[in-house]
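There are 4 protein chains.
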Amino acid sequence: MIFDPATDKPQDECGVFGLYSPQPNDLAWLTYLGLFALQHRGQEAAGMCVSDGEKFHVDKDLGLVTQVFDERRLDGLRLPNAHVSIGHVRYSTTGSNLRFNAQPLTTRTNKGILGLAHNGNFVNAREVRSAMLMEGALFQTTNDSEVMLNLIARESHMDLIEATAGAMKQLKGGYACVLMSRHTLLGFRDPHGVRPLVIGQREDGAWVLASEPCALYAVGAKLIRDVQPGELVWFDRGGLHSLLVEPRRPTPCSFEWIYFARSDGELDGVDIHASRIRMGEQLAREKPVEADIVVPVPDSGIGAAIGYARESGIPFDYGLYKNPYAGRTFIAPTQEARELKVKMKLSPTSAVRGKRVILVDDSIVRGTTSRQIVNLLREAGAREVHFRVSSPPITHPCFYGIDTAARKELVASTHSVEEIRELIGADTLAFISEPGLRQAIGGQGLCGACFTGEYPAGTPLLNDVDKLALEV
Amino acid sequence: MIFDPATDKPQDECGVFGLYSPQPNDLAWLTYLGLFALQHRGQEAAGMCVSDGEKFHVDKDLGLVTQVFDERRLDGLRLPNAHVSIGHVRYSTTGSNLRFNAQPLTTRTNKGILGLAHNGNFVNAREVRSAMLMEGALFQTTNDSEVMLNLIARESHMDLIEATAGAMKQLKGGYACVLMSRHTLLGFRDPHGVRPLVIGQREDGAWVLASEPCALYAVGAKLIRDVQPGELVWFDRGGLHSLLVEPRRPTPCSFEWIYFARSDGELDGVDIHASRIRMGEQLAREKPVEADIVVPVPDSGIGAAIGYARESGIPFDYGLYKNPYAGRTFIAPTQEARELKVKMKLSPTSAVRGKRVILVDDSIVRGTTSRQIVNLLREAGAREVHFRVSSPPITHPCFYGIDTAARKELVASTHSVEEIRELIGADTLAFISEPGLRQAIGGQGLCGACFTGEYPAGTPLLNDVDKLALEV
Amino acid sequence: MIFDPATDKPQDECGVFGLYSPQPNDLAWLTYLGLFALQHRGQEAAGMCVSDGEKFHVDKDLGLVTQVFDERRLDGLRLPNAHVSIGHVRYSTTGSNLRFNAQPLTTRTNKGILGLAHNGNFVNAREVRSAMLMEGALFQTTNDSEVMLNLIARESHMDLIEATAGAMKQLKGGYACVLMSRHTLLGFRDPHGVRPLVIGQREDGAWVLASEPCALYAVGAKLIRDVQPGELVWFDRGGLHSLLVEPRRPTPCSFEWIYFARSDGELDGVDIHASRIRMGEQLAREKPVEADIVVPVPDSGIGAAIGYARESGIPFDYGLYKNPYAGRTFIAPTQEARELKVKMKLSPTSAVRGKRVILVDDSIVRGTTSRQIVNLLREAGAREVHFRVSSPPITHPCFYGIDTAARKELVASTHSVEEIRELIGADTLAFISEPGLRQAIGGQGLCGACFTGEYPAGTPLLNDVDKLALEV
Amino acid sequence: MIFDPATDKPQDECGVFGLYSPQPNDLAWLTYLGLFALQHRGQEAAGMCVSDGEKFHVDKDLGLVTQVFDERRLDGLRLPNAHVSIGHVRYSTTGSNLRFNAQPLTTRTNKGILGLAHNGNFVNAREVRSAMLMEGALFQTTNDSEVMLNLIARESHMDLIEATAGAMKQLKGGYACVLMSRHTLLGFRDPHGVRPLVIGQREDGAWVLASEPCALYAVGAKLIRDVQPGELVWFDRGGLHSLLVEPRRPTPCSFEWIYFARSDGELDGVDIHASRIRMGEQLAREKPVEADIVVPVPDSGIGAAIGYARESGIPFDYGLYKNPYAGRTFIAPTQEARELKVKMKLSPTSAVRGKRVILVDDSIVRGTTSRQIVNLLREAGAREVHFRVSSPPITHPCFYGIDTAARKELVASTHSVEEIRELIGADTLAFISEPGLRQAIGGQGLCGACFTGEYPAGTPLLNDVDKLALEV
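Chains as they are written, first to last, in full-length UniProt numbering: chain A, 1 to 472; chain B, 1 to 472; chain C, 1 to 472; chain D, 1 to 472.
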């Protein structure tokens, strides 16, 4: 039995959330709302911890936020005087599917009890872990949060803020973390700001940290600003504090704008929905084609399809129905079964019958799903199918927390665009250019390592890369 | 704890499905696929029965198709030589939420063991039930299928086909049913064809009945034709048989095209997606307004919004993000909580900021959700909100299986359009006209009782109407 | 996976319970307590219904009482003004393991809504069912309660009491039933009183019906008397009413005293524990043997072992430890696995080492378990094992609700005592005589059909017997 | 909702189990059987880990062994070439009820991955834990196993055996542990042997460690010998190895013989069942009384009651029926409810009616249950109730893993025997003397700290004792 959405998208993001409330609040409920808004960033596990300064409640499990936190379990997390909480939704990155790897990770240390949740990946976690093992440390999970916690705990002479800043300097990679003690909420972002983290505040003064603004809105908070690359922020009775630990050239992950982030927010000052429209417009300028309608692959291709239609003047239409109940059904892992899953999820409407169709999607990873969608459209009577992709070809793996499949499975790392076109059976195929993407997103800098192989925040040691490839 | 999607749509449809396969097939699995495609027609319970001519397996429970039929329970329904099956998804109509009311209903009769599943409502079920109670019948459920089965069983001198035709003549209302014995699959539709039922066939010769074509496609079948109003069809070794029992003027339910049916099919010869585009175009012609963008209420308003944008020349844009995980979360039933549910489901994008927005939805029932959506747009910076609805005002309850709320809750039965506009806070509000809707859908006839109060297939006795009102 | 206690006892009893409370009471809770006390009579399913004169709540499912009725489900059955309730625990008799066959069975009839639960078996249910099918009745279960309810409903001109009395006259066999309408609790016992039913009353005036006195005590009621063979009793605002419908020679089932009933009660005036002591004493007189200790097979052989030890003067000792957690574990149905189950349940103590052991059990059905127990004792160092059984050899099947295995599996129907002794590997083997058993139990009459083949309440038609044999 | 058996016994034991098999075996299944046999030692959580030398599978959860390890989860633990495994059943000792505290605890260390499960308590765990926290260690649980694992991991220059021996020297208290790496099974017992651990071997050469012999028998192994106080044993390809690390005067816990251990085994050379008989005989000699029958409180009082009856010549009888389904039901924690629980569990038989009863139980902790049992007997007609207890009065708390309630709740620490007698309402009350108990058990030495306050293996620092008292 395999639970697997009929998808061929980059995966393995996580979402983090945190709250510091000067006055008592129902933080378990607010954290639930925040995690629910971040559900698209991880469907495999959910967890949270809540403290009132004395008690420290934690619960986490495999499943969706609404599956893990039923009414009874949410009640078990409630504290009348709660003022700090963090939460996490997870799609497995490194570390297997075990329940024991769910986050937040909680532990007793010489700085009191701590809870930590992270999004992203530390590229040198293995070396650091090995060194600490030799010094007598235990590792009860394969979760990288445990490495971070050990680094923090090891500095027994420092206070929590100093020790966290010290740990940030030692761990390389792309990450955004929320950390709590009984009294303080901390958040920090890697030196390049590869993974996102935003700060919000409610009218009652409560501070919020989240991977995306939607989770701020979900708890009635306003977006204040993004945590800066390399910045450590913390919240206590004194309000918001900040320390720039290791600021470097900002290179936030471009895939947040292409696909991951919800379209109702902005990150690092760039609106998600508007940037997707611009990607479609740019694509239409770069890769025009004569056709009758522009059709998105729902839901992630909608923004770019609207932009493409707008720039090209070709009518936008809904050519693919998406079954809202798809995603979680059991199917034997045969090729026939995988094709079935696409059919259970997407179904062509009459809009494509007899039409020359421009099909807009945000990315192609392995190409298998794309082939089936093209095929569905042809069976439904589309005369031509012109495939347009609002990201450049993905040729390199991500080491900063995104699972883009192993390199050998990335169709664009081993095939030319023409070969991919043939593979997926489209009449034409074109990707947005990398400069075109950067222009569409705007902003200062971007990580495009998966398109270019240039990794701003370092890579794992070579033998680790090999191991990762073997393990996938 | 209340499970309630943040919705204000007409509800309470059901979906039916049936298979007759001359050669052995994995009917449990095919029925699962068919029901999964019909999931949008009922999320409260799912069930199926399967027979190989001797054994007769049945399983049903509260929950989504994928929740009820996990691998183990699906295995329990499998029969190596299965050749008949039926299935059902349900949103509670008359009869409460009890597990005992899940369908199909199965029973031993003098015609052997029978399984029945229906969509719709019998308006004279209470009278027939009362008469049969007096004659000594038992009713173990409040499910109307049981009345139909008693009518069939009572005619002990007739065969199954005759007895079913006889029962069709006695029960009034709008309905579509699938019925199976160990050897035969039957399907029938009320005299006016209010509720839909289509016939399909697979390449291997297996016959399929379903509420919508999408379920045919889901099992690899082609659409052959609709079951005719008042027609009884059955399938056995001799193939497809038909009997026109009570054909009357066809008046299929207009809400199938407005909202219920999936956009990837056609019913009674009229394509769903194309008709929704036409509704939007008609609405733009009837109720034009100056504005900057046309925004759908996702997902059901998309087709009409595209049509409206196309006819008016005003750009289509995505102004509301819909959380795909919304729908099933527990919230206390307070007003504040209901508003929260809308916020957990819908969230404005930057597209509406500073814009004059035409918001397109398919219907307004109580108006509460509409007010919140208008409010969300204003908070996000929309300068004007012009609400356009692709159905006429709903002023009367449905007695044919759709729960449109009790009449006193129907905002349009007690308020003028201007009053509703004020209530929901829109700058302008307009509905498609009833003739305009008929023209957009096309076809021969339509039931528009909920707009006009003219009930083609009769109404319950008055005191039943009152009781229904009291019970809601 | 097979859930199967390591047992070779007669099985398939059920337990019934009912309450009529003139003043409001928490009947859901009291019924829960009553059913919990009757849990030993059926572990496969549990159910109850409760009414306050208007509402009629029912819930039932597969599982133990404490598994089915968790706090939430029990709350769902609570009614502030409840005054009637019935409940049932079930071990599957006729009718398969389906959830749909759980009791009580509830149905709407011309006498209002009714709930029925029964213990026992109607030997002519098939004929009655066939006749009613021909008349147009539906049967949604294979539960005999449905036949009884159809008989009651068919007499639409009679009131509930008359109609129930009429149904009692038509159904033959051994049974005890509780039946409730919204206002009245009824109880009745077959003409021979084969199955037990007792009446109790609480200090607050509430009346109780139950299969055994332990369930009366569990709800704080005192034992008033047994329902008489062939008697129909009912309770309403007027208190207790009685009608002797079909009294015949009383022949209560002897196995209630041998094995079924809890030792803390009495039935038909005969104390259970005391009668078991007398069975052991009688056995010691009839079948003495020289030995060092008397060891019971726990727990059902304890009473007889005490009696045997007392009469013989040979010391009683605990030679077999019984694991209190045994009974419900999954094991593959191989011979090796079945032996494993006995080992997981029973384990010898040092008491038997080097001893001549008299092992006392209440019955031998197939003999397989007995062989393993003898073997366990020998492995633990018992020098001799003398097997003594406090029931006569079981040579005939029971048609009154007890599953004693099909006749061909009854070891005593195909083997002599000496052959059985050899089979189980005991040094000596002896059963109590049938007259000895009758004398030990005392009372007026007894059903000993399984020892003698004389069936006081009739047998099914021969072809039914064959079918039963085939189906087992 | 409170899950709480109607018991007033010393609690909080755990059970440990381990296997080393030179040839591949189904260790998951064998560990399941072993844990099932030890179920009486802990009903709150169960867990196991299994390794084949490479993979290391672990699973654990709250619940009974048969609840945690259903077929699917057991399958998840199976490894074709498994050769090492350990398992644990737990009743919460120090550390709360959290799932995270279930054992075995597994961790990656510089000695490879390790799994540890323990029974008992380290009296200086807090001090050791505090010191390690200061050095930078993390503690993710409140489970003392984690302290032991940190001690082992800290000695990065030693091998696993040396490091374990070193850890044994640093942790004080009463404990028995099983520990596994991918290749080796270790077992060790505290210097005084307070907690039990036995060694067994199967015919196929597999070695077994378990808290009691019953678990050896459950997997087809023979008892080889007890692990000696202060001994460390380990098993690898070279067979059994032993190191006497810290042998001190043996003082095994006397309550293993009084109550904890199953009657079908022996510990430290002393048979459990036989010693209970001797306790009863000794009690009869020390505290005789004229009476008609001797009645045990089932099941734990049976052995002593038989001994008392044998020595006194007064007939043994079964005066209390014990509901085998009692123990796990939800009840509100009111006084009335607690009394209800006793009634749901125990019920008097007719044996006590009109009799002078000697009631034999193994211990009295708080006295509340005893009072109710005496009351039940009186209500059932007992003329006199003489309470005899086969353990001396419990006046001191246990610090070696047994929860005897906080000292102030121990009725015997604040009341004289006469006061207790009055409290429980018995006609007479007598306990076995402490020398009498020692004589009945025999053997070399015994820990009787809970009777005498003399703690052979040390006590926690005073402030810890106070904290413990506060926390209970």
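The set of hints was computed from the structure by calculation and includes no laboratory data. Heads up, a few of these hints could be off.
To be verified - Here are the simulated DSSO-like cross-link-like pairs (lysine-lysine), alpha carbons at most 30 Å apart as the crow flies:
1. C:K322 with D:K408
2. C:K322 with D:K169
3. A:K322 with B:K322
4. A:K341 with B:K322
5. C:K408 with C:K341
6. A:K322 with B:K343
7. A:K222 with A:K287
8. A:K222 with B:K341
9. A:K343 with B:K408
10. D:K341 with C:K222
11. B:K111 with A:K341
12. C:K408 with C:K343
13. A:K111 with D:K169
14. C:K287 with B:K111
15. C:K322 with C:K287
16. C:K222 with D:K343
17. C:K55 with B:K408
18. D:K343 with D:K408
19. B:K222 with A:K222
Each hint tested on the structure:
{"no.": "1", "hint": "C:K322 with D:K408", "verdict": "35 Å, violated"}
{"no.": "2", "hint": "C:K322 with D:K169", "verdict": "39 Å, violated"}
{"no.": "3", "hint": "A:K322 with B:K322", "verdict": "13 Å, holds"}
{"no.": "4", "hint": "A:K341 with B:K322", "verdict": "22 Å, holds"}
{"no.": "5", "hint": "C:K408 with C:K341", "verdict": "23 Å, holds"}
{"no.": "6", "hint": "A:K322 with B:K343", "verdict": "22 Å, holds"}
{"no.": "7", "hint": "A:K222 with A:K287", "verdict": "39 Å, violated"}
{"no.": "8", "hint": "A:K222 with B:K341", "verdict": "19 Å, holds"}
{"no.": "9", "hint": "A:K343 with B:K408", "verdict": "42 Å, violated"}
{"no.": "10", "hint": "D:K341 with C:K222", "verdict": "19 Å, holds"}
{"no.": "11", "hint": "B:K111 with A:K341", "verdict": "39 Å, violated"}
{"no.": "12", "hint": "C:K408 with C:K343", "verdict": "26 Å, holds"}
{"no.": "13", "hint": "A:K111 with D:K169", "verdict": "28 Å, holds"}
{"no.": "14", "hint": "C:K287 with B:K111", "verdict": "58 Å, violated"}
{"no.": "15", "hint": "C:K322 with C:K287", "verdict": "26 Å, holds"}
{"no.": "16", "hint": "C:K222 with D:K343", "verdict": "15 Å, holds"}
{"no.": "17", "hint": "C:K55 with B:K408", "verdict": "26 Å, holds"}
{"no.": "18", "hint": "D:K343 with D:K408", "verdict": "26 Å, holds"}
{"no.": "19", "hint": "B:K222 with A:K222", "verdict": "52 Å, violated"}
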